[in-house]
Amino acid sequence: MMSTIVTRTAVSGAAPASRSDEFDTLAPSPKALMRKRARGHVGLIIGTTIITVIVLMAVFAPLIAPYDPYAQDLSRRLIDPVWGAKGTWDNIFGTDALGRDVLSRLIYGARISLLVGFTAAVIAGIIGTALGILGGYYGGKVDAFVVYLINVKLALPVILVALSVSSISGGSIMALIILLGFLTWDRYAVVTRSMTQQMREREFIMSSKAAGASNSRILWREILPNLMNQVIIIASLDMALIILVEAALSFLGLGIRPPTPSWGLMVSEGRAVMFFKPYLIMIPGAAIFLLVIAINMAGDGIRDVTSPEGRG
Amino acid sequence: MLRFFVRRLIIALCVAITVSIIGFSLLRLSGDLASVLAGENASPEDIARIAMNYGLDRPFYIQYLDWVTSALRGDLGRSLFTSEPVSELIMDRIGVTGGLAISALILALLVAVPLGVLAAVKANTWWDRAALIFSVAGQATPNFWLALIFILVFAVQLRWVPVSGSGSIAHFILPVVTLAVSIMPSTMRLTRAGMMEVLSSDYVRTARAKGLSPFKVLFKHALRNAILPVVSLAAVQLGFLLGGSVIVESIFALNGIGYLAFQSIVRVDFPVVQSILVFLSCAYIVLTLLSDLINAKLDPRVQLR
Chain A
3 MMSTIVTRTA VSGAAPASRS DEFDTLAPSP KALMRKRARG HVGLIIGTTI ITVIVLMAVF
63 APLIAPYDPY AQDLSRRLID PVWGAKGTWD NIFGTDALGR DVLSRLIYGA RISLLVGFTA
123 AVIAGIIGTA LGILGGYYGG KVDAFVVYLI NVKLALPVIL VALSVSSISG GSIMALIILL
183 GFLTWDRYAV VTRSMTQQMR EREFIMSSKA AGASNSRILW REILPNLMNQ VIIIASLDMA
243 LIILVEAALS FLGLGIRPPT PSWGLMVSEG RAVMFFKPYL IMIPGAAIFL LVIAINMAGD
303 GIRDVTSPEG RG
Chain B
3 MLRFFVRRLI IALCVAITVS IIGFSLLRLS GDLASVLAGE NASPEDIARI AMNYGLDRPF
63 YIQYLDWVTS ALRGDLGRSL FTSEPVSELI MDRIGVTGGL AISALILALL VAVPLGVLAA
123 VKANTWWDRA ALIFSVAGQA TPNFWLALIF ILVFAVQLRW VPVSGSGSIA HFILPVVTLA
183 VSIMPSTMRL TRAGMMEVLS SDYVRTARAK GLSPFKVLFK HALRNAILPV VSLAAVQLGF
243 LLGGSVIVES IFALNGIGYL AFQSIVRVDF PVVQSILVFL SCAYIVLTLL SDLINAKLDP
303 RVQLR
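Order-wise, the sequence lines are chains A and B. Count the first sequence with my numbering and you get residues 3 to 314, in order. Count the second sequence with my numbering and you get residues 3 to 307, in order.
Hint data in this document are derived by calculation from the structure and do not stem from the laboratory. Keep in mind that the hints are not guaranteed to be accurate.
As the list claims (entries may be wrong) - Here are the simulated lysine-lysine pairs, DSSO-like style, with alpha carbons at most 30 Å apart:
1) LYS38(A) to LYS124(B)
2) LYS299(B) to LYS143(A)
3) LYS222(B) to LYS299(B)
All values derive from a computational prediction rather than experimental measurement.
Just need the whole structure built from these sequences, with the hints factored in.
This is the structure we're talking about:
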């Protein structure tokens, strides 16, 4: 609870006193307005707070986790969590069927979800944004090809493709990350393509063309920076999606392989005894839910703060 | 309309061909199929024999062309595990998966559309916020987790429905609800956004001004236009549900295509896996093509894009 309060003040305290105070006859700058909106946005504050706590948990896992997440103790199997009938403070969230401490596995599991979600979202973002910008800017045959690639991607059933590839290629985390990156780039491409199409006709692009800027300069220095807000918003949605897909794959036994602690895998392991020990599926499932909802709230918040007109 | 139709059809065909190549090559490119099939302790001779048996030693494009030409005649090969024809395996199970997906879609529309309308009409009130919270929470809930919670609550605690299996209608209630929840948030958000836009338009104001009852304005004038994008999303979602049913089917032990795909993936039964991948992709392509055509028919402006 302590850390929640600390990070919350850190978030709201991050914005220094508005610089436009000195010129209070002038209208506040767009950045100052943005900061003001960010400070008043409940969803954004809650979302970033939860994410910060989970990230800190993942980074400092070896310091926080009370036990080794892999250490089995068959004499201490299926101990109730602290609120259960026979629960003790020794294992706050109880132990699993192999006597491993659930809290420790949960803390280490955050590493997997964040690593897979973040890295795969970046890969997908690079692929999708590159395709979207190229199609939207050049139009014609390039655009037709990009649209065709998007259609192909959309037609593929994501979970089944991921399961098939993952089953043959073994359980390496790296392979899983690349796979998920290649399976979720479509949303970036769709949005950046249509935004680039609109931007292509705007004056500031026209004028840099007239000033003799090369195509690559326009793409890198004019269009891309103007898309970044949108790309970050899509990245948050994409990261949430990837975390859910990774959890589903691990749950089905073809994502992260045991004994690595992944939240989806923990639900799957708890399933065998869920009728007697429901907490073994409730706790890791709730962790996935919490992380995904926090990322979505933060993403929605960023959208509201950076482009309030795009709310819907 | 005809030109639009022909153009869309050609694109759909190209996409279908590409998808069939991807579906066919996916398992072959992900690793050495023959050695996976042979098992860990197999000798190189065993692997070579298996590769020859299943034609895996031939050049890739010949394998593909062979498969496609017989697939077009309705022959998708035989399962390595049960040696039943793959086409029969799929046909036997399409009813379960199709029924599951269609019921989930209908249920989702029945809940999400009224909720979206309510959120738009009562925009920025507690109704709106409650609907938003519901949609955000729905989006963040892992499908498999929700299914397990449903089992714990409704099958074990309350004993309203059976835990798993596919004997009766009651067996399908939890799977349908689980699947429906996964597509409700996007449907609700789209309905809300569409309604918000339509409600502020001139023709709705005119309808109100001439004294039509609020009910008539809402359902006869506004919803009709706001629902268009929801209809085209519905086709896409049906395709998504067909492919996404794998999780729900394997948790509730429903004998559908998704469960078959999952079992076949685990057994490396590649003739079945590749056929299901291509089959589901093509189902999606056909559904989106249909939705595009319906959309173009309802809204002629679409044809110009």
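* Against the structure, test the hints numbered earlier, and report the numbers of the ones violated in rising order. => Violated hints: none; all satisfied.
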